[in-house]
Amino acid sequence: MTRVVHYINQFFAGLGGEDSATAPPTSKEGAVGPGRKLAQLLGDDFEVAATVFCGDDHAGGPEVLPDIVALIKDAKPDLVVAGPAFTSGRYGLACARVAAAVAAEDIPVVACMHPDNPGVDEAGLAPVVASGEVARQMGPSLETLAAAIRLVAAGEPLTADDGRIGKIPRRNVTVDATSAERGVALALARLGGDREATEVPLPRFDQVTPAAPVEDPTKALVALVTEGALVPDANPDSLESTRATRWLRYAIKGRDSMPAGEYRSVHGGFSTVWANEDPNRILPLDAARQLEQEGAIGRLHGEYLVTAGNGTSVGNARRFGVEWAADLRRQGVQAALLTAT
Amino acid sequence: MTEPRLGDETGGTPGLTRLVHAVEAVAMGDRTGYEEGTLTVAAAEAAALVADPALAEVRVSWASPGDPTRIVKVLDAVEPRTKGPGGAGVFPGFVGPPKPQGRGETHVLRGASVVTAGYLPRAQEAVVDMSGPAAPLSPLGSTHNLVVEFSPAPGAQWEDVYEALRRGSLALAARLADAALDAEPDAVEELPGLPAAHDRRLPRVAAITNLQTQGSFKEVFVYGRSFPGAALPTLLDPGDLDDGAVVSGQLGHPSLKNPTWMFQNHPVLAALRARHGVDLLCAGVVLSPEPVDSHNKELVSAHAARLCKAAGFDAVVVTKEGGGNADADMALKMDALEELGIPTIGLFAEMAGPDGTAPSIVVPPTTATAMVSTGNYDERLDLPAVQVALGGDRVDVAGAGALDAMVLPTAVIYCSLSPLGWGRLTCREAA
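Protein chains in written order, with our numbering: chain A, 80 to 420; chain B, -2 to 428.
One or more hints might be untrue.
What the hints assert, rightly or not - Interface residues of chain B toward chain A, partial, derived using beta-carbon atoms under 8 Å:
| # | residue |
| --- | --- |
| 1 | TRP155 |
| 2 | PRO340 |
| 3 | ILE342 |
| 4 | SER357 |
Treat the hints as calculated values from the structure; they're not laboratory data.
The model shown is predicted, which means the values in this text are computed figures rather than measured ones.
We put the beta carbon where it would ideally sit given N, CA and C, even for glycine.
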């Protein structure tokens, strides 16, 4: 019997949505939520021994991840499953990072999410299989996941035919023909009409679909956000100037501009002299207030979100984006102006 | 004596005859000579051929396949070749005058190599193991290598030290091959010249070989002159490369280097020649610079594509030298050729990170799609301890003594990801 430990988020654990997004890591014996259906699909050779869950707000971050992994290991898994996370960004990142951490300890693992989920590229060596786009597609998603679990438990390779998505590790192998001989053979294959043959698939680039335009800007709640590392002059929360691992929020309610001397940029990627001479150059609060007064936009959000975009890892940058989007949406913000340096 | 060649019959240029002498054993002795597969070298004579005011001391020693030996800080490797006493035109621009070659007969000491090794400030450390898991990854792992070590003269400029080593190793390579001039060859290889422009019996397939052109320590010599970054692509007869018209002066990226030995044995040309007259015509080699700025990269790529179109090439295999910046030259050329309707294959090393999950190609092509992988640069290798080290006593990149067991990225093994396609590594998706 294969002992499976299942990682899910607070919503699928039945704790609630955004209001419970800060729930701490918790472990429960047996299957919970989608794990029950998964257990049925897996049959008698598998047992969902425990379910570990956590609130989406911090599950993918560096502070809480070790606690989640510890709870999973306490349940002595033969195999770990994370998701399905569908297109939910924070949940997907958490599943991916949990799976990556577990895979790094040589425990078999499968994560499951939609190919567009930003977590797909964060799973490290752990395999990811495709789920549907939304929770309505739970049934077929769990079927894909269950089939993948059986293969991983049997030590079989997971391929694209099994629904595998994301980065599959590429390993050096030695073959009979030299690279040059293979190149010439490929040239002849092309001349023979084969346009598909290649040893290196073209890389997948992120495609960001822009949100639909705001229907009526004169009624919209608009936020200012920046990667320009603009913080109160003493940098009270010690924002990093490079390779940031965190983002911060500061109130701008009641302010009409960002005065020199009260704010400064701690960005490590450019000379901050001009920014500090007039911090509105980084966060254009003066101009935004004017638009607000003219009625061109509805209202400005009461705080701005900030990090330092300098040498930031793609993984952290993705996490900041996902967290900012969730945070702004929760507060009813309809549009955001992101200033970049 | 020899049968007429395909090129001769159909109006192409004459080709080259390689007289191959297999080197099966090596020795040091009083006289330099070649007899019955054994190459004997007089150490003092060899050192004297390399001697130069920029060098205080030159030492030579053998490292043979299977030896418990590691060669570190490898600079260049040259295959001994000659066209007659004194070289008779081999290595044009260095040993011989700068004249086109690739005609007549060339003696080749196959299985031997002259290897320079030692500290130069701009060189990235290259490692060759003569036994163990890294040996099959480098061409020098299966050749008898006459390793030339050196001490620079006090106050000598590093450029002069490198120049002395280059001239010296080419002269030494020609001298060693001279020893076999009177020996009966073990094999006679007839190589085609360039096919005539009207010869359309089979698809005309050519190589484009990008040369690194970044100045001292990062340059390539063609007929003895540093190939300029501002040059436009040019078509050469493959036999010219056999006779040493292209000589390396490039010390970056050990695994992605094209040493002189590799140009003499250009693997894409070898693969094309092997099928010449069977299912394709080996249509020649286009040499192209790798300029450092993107405007010139685009200019050179567009010109290379036009040249290939005008030369009637039906397909092209493109190669590079160097790291990520050189991927841009590859991608631009591949796209430019495909736009002119010429199917194009690129030979790329992958830079996929130690675990093989990072994006593989720094600048991938946009319309061209056919790529060969020569392996992942970043994958780690475990090398065992050895008993003899040549070229230096440290492998600084590993923070280890040269004799020690160490873990190295594939990127450090000399020619392991050969951009010219010598190697048998590729990448496959793991389970």
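### Message
Interface hint check: B:SER357, Cβ to nearest Cβ on chain A, cutoff 8 Å. Holds or violated?
### Response
Because about 6 Å separates B:SER357 from the closest Cβ in chain A, which is inside the 8 Å limit, the hint holds.
### Task
So, B:PRO340 near chain A? Judge it on the closest CB pair being under 8 Å.
Holds - the Cβ of B:PRO340 comes within 8 Å of chain A, reaching about 4 Å at its closest.
### Message
B:TRP155 was flagged as interface toward chain A. Is the shortest Cβ-Cβ separation under 8 Å?
### Response
violated (33 Å)
#### Entry: Status of the B:ILE342 interface restraint (C-beta, 8 Å, chain A)
Holds - the Cβ of B:ILE342 comes within 8 Å of chain A, reaching about 5 Å at its closest.
Figure legend: structure checked against the earlier numbered hints; the only hint not met is number 1.
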